[in-house]
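Given the structure of chain A, go ahead and fit chain B onto it with the hints provided.
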Amino acid sequence: MATPPVEVLRIHIPASPAHLRDARAFIGAVARHVRCPDETVEDLRLLASEACAQAFDEGIAPAGIDLRAGLESAALVVEIEPAARFADTAIGDPLDASSGERRWALLTALFPDLERAEVDGSTVLRVRVPGEGPASA
Amino acid sequence: MVTIAGELDLHSSPQLRDRVLGLVNDGVDRVALDMSGVGFMDSSTLGVLVTCLKRLRERDGALVLVSVPASPMKVLTLTGLDRVFEVVGSIDELPTS
Numbered sequence: 000m001a002t003p004p005v006e007v008l009r010i011h012i013p014a015s016p017a018h019l020r021d022a023r024a025f026i027g028a029v030a031r032h033v034r035c036p037d038e039t040v041e042d043l044r045l046l047a048s049e050a051c052a053q054a055f056d057e058g059i060a061p062a063g064i065d066l067r068a069g070l071e072s073a074a075l076v077v078e079i080e081p082a083a084r085f086a087d088t089a090i091g092d093p094l095d096a097s098s099g100e101r102r103w104a105l106l107t108a109l110f111p112d113l114e115r116a117e118v119d120g121s122t123v124l125r126v127r128v129p130g131e132g133p134a135s136a
Numbered sequence: 000m001v002t003i004a005g006e007l008d009l010h011s012s013p014q015l016r017d018r019v020l021g022l023v024n025d026g027v028d029r030v031a032l033d034m035s036g037v038g039f040m041d042s043s044t045l046g047v048l049v050t051c052l053k054r055l056r057e058r059d060g061a062l063v064l065v066s067v068p069a070s071p072m073k074v075l076t077l078t079g080l081d082r083v084f085e086v087v088g089s090i091d092e093l094p095t096s
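Top to bottom, those sequences are chains A and B.
Mind the numbering: the first sequence is residues 0 to 136 in numbering that gives the first Met the number 0, read in order.
Mind the numbering: the second sequence is residues 0 to 96 in numbering that gives the first Met the number 0, read in order.
Same shape as in the complex, but just chain A:
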């Protein structure tokens, strides 16, 4: 499940919300490069931002976060590690939801096949989306 995709690009962001923009920029650039639709690019940017923000909020990434992206069988695979465990509960009253509940609701709505895998004691968040591959020169 958590087998690294081939031809992987990586970025490591320090444990600071100031670098959420860098995480989004990286994932967005890779997704555009493999010609994901614009809406998918935006969804992946949101995934990167929410996953990293939750990890910062939960204090589980003092050494920073790795984001990996690569093509695997015509799909773009994105992995984020370490990932938070999130509040795995449905939102009741939207006004009273916790930030973790909102984030998890968003991510599972955007990516129903989102995977959380435990690898060597670390939680990895993983998603696959269709990718056409790099545009021709």
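Rather than coming from a laboratory, the hints here were simulated on the basis of the structure.
One should not assume that every hint holds.
[What the hints assert, rightly or not] Over 12 Å on every C-beta distance to chain A, these chain B residues come out as not near it, computed from the model:
{"hint": "1", "residue": "Met0"}
{"hint": "2", "residue": "Thr2"}
{"hint": "3", "residue": "Leu9"}
{"hint": "4", "residue": "Gly26"}
{"hint": "5", "residue": "Asp28"}
{"hint": "6", "residue": "Ala31"}
{"hint": "7", "residue": "Asp41"}
{"hint": "8", "residue": "Val49"}
{"hint": "9", "residue": "Arg58"}
{"hint": "10", "residue": "Asp59"}
{"hint": "11", "residue": "Val87"}
{"hint": "12", "residue": "Ser89"}
{"hint": "13", "residue": "Pro94"}
[To be verified] Among the chain B residues that face chain A by a calculated CB cut under 7 Å, a handful are:
{"hint": "14", "residue": "Gln14"}
{"hint": "15", "residue": "Ser42"}
{"hint": "16", "residue": "Ser70"}
{"hint": "17", "residue": "Thr76"}
{"hint": "18", "residue": "Leu77"}
{"hint": "19", "residue": "Thr78"}
{"hint": "20", "residue": "Gly79"}
{"hint": "21", "residue": "Val83"}
[Unchecked claim] Output of the computed footprint for chain B on chain A, the stretches with three or more beta carbons under 8 Å from beta carbons of chain B:
{"hint": "22", "region": "90 to 96"}
{"hint": "23", "region": "103 to 113"}
Note that the coordinates shown come from a computational prediction; the quantities given were computed from them, not determined experimentally.
Each residue gets a CB set at the ideal place from its N, CA and C atoms; glycine is no exception.
Frame of chain A; chain B shown alone:
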């Protein structure tokens, strides 16, 4: 009317909270946020907006979101907050009272 632009996330949204709550503390009870220039918004910002809305409601006030682009609107919708916030398409549609 408060105009906000750029990318709103865990890092930047506290500035929005401070701006709106500063207005509330100054006695403003109806706040409209022009969001037409927001290119990205995450759920941390939703928390800020909810905080501001609750504070305004304590004073019988209101928070209106104006010209919300598609991507931030999707975030509001998927978390059910599109049913909580008053959202209008343009400044012309702002309530007069």
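Here is what the structure says about each hint:
1. At the 12 Å boundary, the C-beta of Met0/B stays outside the reach of chain A, the nearest C-beta of that chain being 24 Å off.
2. With a cut of 12 Å on Cβ distances, Thr2/B stays outside the contact zone with chain A, its closest approach being about 20 Å.
3. For Leu9/B, the condition that its CB be more than 12 Å from all CB atoms of chain A is violated, with the nearest at approximately 4 Å.
4. Against chain A, the non-interface label of Gly26/B holds: every CB pair exceeds 12 Å, the least being about 24 Å.
5. For Asp28/B, the requirement that its beta carbon stay farther than 12 Å from each beta carbon of chain A is met, with the minimum near 19 Å.
6. Listed as outside the interface, Ala31/B is consistent with that label: its C-beta sits roughly 19 Å from the nearest C-beta of chain A, beyond the 12 Å cut-off.
7. With 12 Å as the threshold on Cβ separation, the claim that Asp41/B sits away from chain A is violated: the shortest Cβ distance comes to roughly 5 Å.
8. Distance to chain A contradicts Val49/B as a non-interface residue, since its nearest Cβ pair spans about 6 Å, not more than 12 Å.
9. With a minimum CB-CB distance of about 16 Å to chain A, Arg58/B clears the 12 Å threshold, and the non-interface call stands.
10. Taking the minimum C-beta to C-beta distance to chain A, about 17 Å, the non-interface status of Asp59/B holds against the 12 Å cut.
11. Listed as a non-interface residue, Val87/B keeps its Cβ farther than 12 Å from every Cβ of chain A; the least gap is roughly 19 Å.
12. Distance check on Ser89/B: its Cβ is at least 23 Å (rounded) from any Cβ of chain A, clearing the 12 Å threshold; non-interface status holds.
13. With a minimum CB-CB distance of about 20 Å to chain A, Pro94/B clears the 12 Å threshold, and the non-interface call stands.
14. For Gln14/B, the interface hint is violated, the least distance from its beta-carbon to any beta-carbon of chain A being 12 Å, above 7 Å.
15. Taking 7 Å as the C-beta cut-off, the interface hint given for Ser42/B holds, the closest approach to chain A being about 4 Å.
16. Contact between Ser70/B and chain A, as hinted, is supported at the beta carbon level, the nearest pair being about 5 Å apart and thus within 7 Å.
17. For Thr76/B, the shortest C-beta to C-beta distance to chain A is roughly 9 Å, which exceeds 7 Å, and the interface hint is violated.
18. Look at Leu77/B: its Cβ gets to within about 5 Å of chain A, closer than 7 Å, so that hint holds up.
19. Interface hint at Thr78/B: satisfied, since its Cβ lies 5 Å from the closest Cβ of chain A, which is below the 7 Å cut-off.
20. Interface restraint check for Gly79/B: the shortest CB-CB distance to chain A comes to about 4 Å, inside 7 Å, so the restraint holds.
21. Evaluation of the Val83/B hint against chain A yields a held restraint, the C-beta minimum of about 5 Å falling below 7 Å.
22. Coverage of the region 90 to 96 of chain A by chain B holds in this model, with 4 residues showing a Cβ closer than 8 Å to a Cβ of that chain against a need of three.
23. Note: the region 103 to 113 of chain A has 4 residues with beta-carbon separation from chain B under 8 Å; the three-residue rule is met and the coverage holds.
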